[in-house]
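So the sequence lines, in the order shown, correspond to chains A and B. Residue numbering for the first sequence follows the UniProt record's numbering, beginning at 1 and increasing consecutively. Residue numbering for the second sequence follows the UniProt record's numbering, beginning at 1 and increasing consecutively.
Source of the hints: derived by calculation from the structure; they are not laboratory data. We put the beta carbon where it would ideally sit given N, CA and C, even for glycine. Honestly, I wouldn't trust all of these hints.
[What the hints assert, rightly or not] Chain A regions said to be covered by chain B (calculated; three or more residues, Cβ under 8 Å):
| id | stretch |
| --- | --- |
| 1 | 101-107 |
| 2 | 132-145 |
| 3 | 156-167 |
Number of protein chains: 2
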Amino acid sequence: MFEDKSQELTPISKLGEFGLIKHLTEHFPLENSTSELGVGDDAAIINPDGKKVVVTTDVLAEGVHFNLGYVPLKHLGYKAVVVNLSDVAAMNAVPTQILVSLAVSNRFPVEALEELYAGIQLACKHYKVDLIGGDTTSSNAGLVMSITAIGLENEDEIVKRSGAKPNDLLVVSGDLGGAYLGLQILEREHSVFLSNPNMQPEMEGYDYILERQLKPEARTDVKNTLKELGIKPTSMIDISDGLASEVLHLSDQSKVGFRVYEEKIPLDNLTMSTAEELNLNPAMAALNGGEDYELLFTIAPEDFDKIVGHPDFSIIGHATELNDGNHLIARGSNQMIPLTAQGWDAFLNKE
Amino acid sequence: MFEDKSQELTPISKLGEFGLIKHLTEHFPLENSTSELGVGDDAAIINPDGKKVVVTTDVLAEGVHFNLGYVPLKHLGYKAVVVNLSDVAAMNAVPTQILVSLAVSNRFPVEALEELYAGIQLACKHYKVDLIGGDTTSSNAGLVMSITAIGLENEDEIVKRSGAKPNDLLVVSGDLGGAYLGLQILEREHSVFLSNPNMQPEMEGYDYILERQLKPEARTDVKNTLKELGIKPTSMIDISDGLASEVLHLSDQSKVGFRVYEEKIPLDNLTMSTAEELNLNPAMAALNGGEDYELLFTIAPEDFDKIVGHPDFSIIGHATELNDGNHLIARGSNQMIPLTAQGWDAFLNKE
Chain A
1 MFEDKSQELT PISKLGEFGL IKHLTEHFPL ENSTSELGVG DDAAIINPDG
51 KKVVVTTDVL AEGVHFNLGY VPLKHLGYKA VVVNLSDVAA MNAVPTQILV
101 SLAVSNRFPV EALEELYAGI QLACKHYKVD LIGGDTTSSN AGLVMSITAI
151 GLENEDEIVK RSGAKPNDLL VVSGDLGGAY LGLQILEREH SVFLSNPNMQ
201 PEMEGYDYIL ERQLKPEART DVKNTLKELG IKPTSMIDIS DGLASEVLHL
251 SDQSKVGFRV YEEKIPLDNL TMSTAEELNL NPAMAALNGG EDYELLFTIA
301 PEDFDKIVGH PDFSIIGHAT ELNDGNHLIA RGSNQMIPLT AQGWDAFLNK
351 E
Chain B
1 MFEDKSQELT PISKLGEFGL IKHLTEHFPL ENSTSELGVG DDAAIINPDG
51 KKVVVTTDVL AEGVHFNLGY VPLKHLGYKA VVVNLSDVAA MNAVPTQILV
101 SLAVSNRFPV EALEELYAGI QLACKHYKVD LIGGDTTSSN AGLVMSITAI
151 GLENEDEIVK RSGAKPNDLL VVSGDLGGAY LGLQILEREH SVFLSNPNMQ
201 PEMEGYDYIL ERQLKPEART DVKNTLKELG IKPTSMIDIS DGLASEVLHL
251 SDQSKVGFRV YEEKIPLDNL TMSTAEELNL NPAMAALNGG EDYELLFTIA
301 PEDFDKIVGH PDFSIIGHAT ELNDGNHLIA RGSNQMIPLT AQGWDAFLNK
351 E
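Chain A with its partners taken away, still in its complex shape (with noise of 0.2 Å):
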C-alpha cells in the first residue's frame, strides 16, 4: 500500500476510536455558513436558513466497489465523496455537508486512513462541502464506507425523477462509457502484474477513461449552466449504474415511456477506441456500464433551441406515453429495441 516499506506505521489502537476520530478530522475547519457545529458533539448542527434539506446516504464495500489491489485510497476517499455530492446534484440542490462512516480492519494501519482522509478532504475542498460528522469502528474484515451527504436547496429549484411528460427532450451531461472502460483496463493490468509481478502496468494513453473510473467529478456545475441556460429540467437522475438503468428509474417515477437513439450517445474518442481494442460495444459500455456520475435529465421541448449544440450537453431521446415503453433505436436503422436494465448490481456482479 506504501512505496516506501521502511516508514512505521501506526496501528488504530495506538490512538483509539476517538483519538483516531480527531486525529483523521482535525484538518476539516467549517467554511460553510450553514455548518453550526461540526464533528465533536453527540451530532452536528446545520442551519438551513430557510431551504429544504436534501440528504442521501451510499455504502462502498471493499471487494465490490472496489479493489484496493489498484485503487490508491486517496482516490478512493475523494470518489466515496463525489458519488453521494452527484446524488445531491441530481436532485439540482447544492451540496453543503457530509458525515462519513467506516468500518475498518486492524490489518489498516493510521497512515492508510490518513491517505483515504486526504482524498475526502480534498474533494471537500473542491467541492466546498463540509465534512460535520462521522463515525469509526473498527471491523473483522475489510474496509466498508458510508457518506452521508446533505445539500441545502430552495424548494423552487428542486428537481425530482418524477417530472417528466411526454415528448420532454431527454438530455445527458458529458461523456459516456469511459469509467466502465477504464475499470476494464484496470482490471487487465491487475491479472496481469497477479501473474507476474515484474510486468509493468501499460496505462500509458489511457489517461482520461482511468481518471474516469479512479477519480470521478460529481456535475455539480450543471445547476448553474443550465440556470444561465434559463432551463429548470423537468426530471433529473445522475448516471451511478449505466444510462439503461437511469433511464428506466425516471420512466417508473415519471410514469412515462423513453426513446434513446443510440447515435446520439455521447462517446469520448479514447472511449471508442479501447472499446474496440478490447472488442467490447462502446454503447454498450455507456448503457450498462455506469459509475459515469454524469447527470440525465428531461426538458420542455420548448426548451430545445436553448440546450441544442452546447458543447457540455447532448439530446439523446425523448420521452412518450408510458405505454410506449422504453427503446434504444439502433444505429443505422429504426430498429427499436427494448431497454433492460442490466446496469450495474452489487448483488449480481458478486455472485
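Could you slot chain B onto chain A? The hints should help.
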C-alpha cells in the same frame, strides 16, 4: 438463525439491489409532515420548517458491536436505530428521520434482512421517525450497518456538550451498568451453548438487564420531562461508552472539571445482584461498561429544587473549575480517584 429450518430462503440476488431496497422499505410510510420525499429518488427531501437540523451517524459492525450468535436480527435493527436517536436526544432535539446503509454478505437470505428491517420499523413506529433513505450492498464478510439520524429543533432548545459551568449539577437519567451486565450474561450462556449445544441457556430472572443490552431505548422522553420541570440543561451527552468516558467529554468540551460521587450512581437491584454473582463491581460497570443510552447532563445549581427527588433523575455530582480535574469520590470515604476513560473502544476491545 431461523427456527423453522424447512422454510425456503430467498437469496438476495433473486431480488437484486433495487428490488431488495423496494421490498425492504415498502412498509415504511412517511408520517412526519417534515418528510417531504422518502426512499426512491437520488436523495430524500426534508422541510425543516424554520428549525435547525441536527444530524448524527453511527456504524455497527458484526463481531465488534454485535454477535449474531445471541443477538436476534430484529433486536439488532431496533437497537441500531435507538443508538442514533439517543444521539439526537442528547442534543435535546426531536428525532424525525433516519437513513439506513447496509453492507451484507450473500450468506444472509432476504428473510434475515426482513427480520432486521422489522426491528428498524418497530423503532421507527415507537419513536415516530421516518425512514427516508438508504443504500444496501453486498459485502465480502459479515454485516455492517450505518444509520444516519436527523432531528429538527428550535435553536434555543438545542443543548451541546459545551455549556457546563463550574458548580452546575451533574445529573443522569435512569440507571446505569445494566447493559454491560446483560452482555456478560449473554456471553456466559453463549459460551456454555458453544461447549454443549444441548444445554439450555439460563436467562430466567435476568430480564431487565438482558433487555437493557438487547433492546435499549433512547431517552427521547427526557426533553419533555425537563421542560415540564422548567429546566434547560446547560450541557448534555448520551451514555454510549460508559459514564466515565462521557463525563470526560463534557469536561473537555465545557472546559470544567467534575466530581462524581460513587454512592450517587443509580444502580438497579438486578444490576447489583448480578454484579455480585459475577464478582464484578457494579459501579465499574456503570463507569466503564457503556451502552446504557441514558442521558447525562448538567443543570444550573438554582435548578436543584426542581429536580431533587424526581424518580427519573439522579444528581451524581457537580462541575468544578477545569484545573480541579475529574474525580470519582469513592463510596464511604473521601478518597478522590482520578476519572479515566476505560470505556468501550471498538479498536481496543478487538485487538
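Here's how the hints hold up against the structure:
1. 101-107: That given contact holds, which follows from 4 residues of the stretch 101-107 of chain A lying within Cβ reach (below 8 Å) of chain B.
2. 132-145: holds (count 12)
3. 156-167: holds (count 4)
Comparing the model with each earlier hint shows no violations; every hint is respected.
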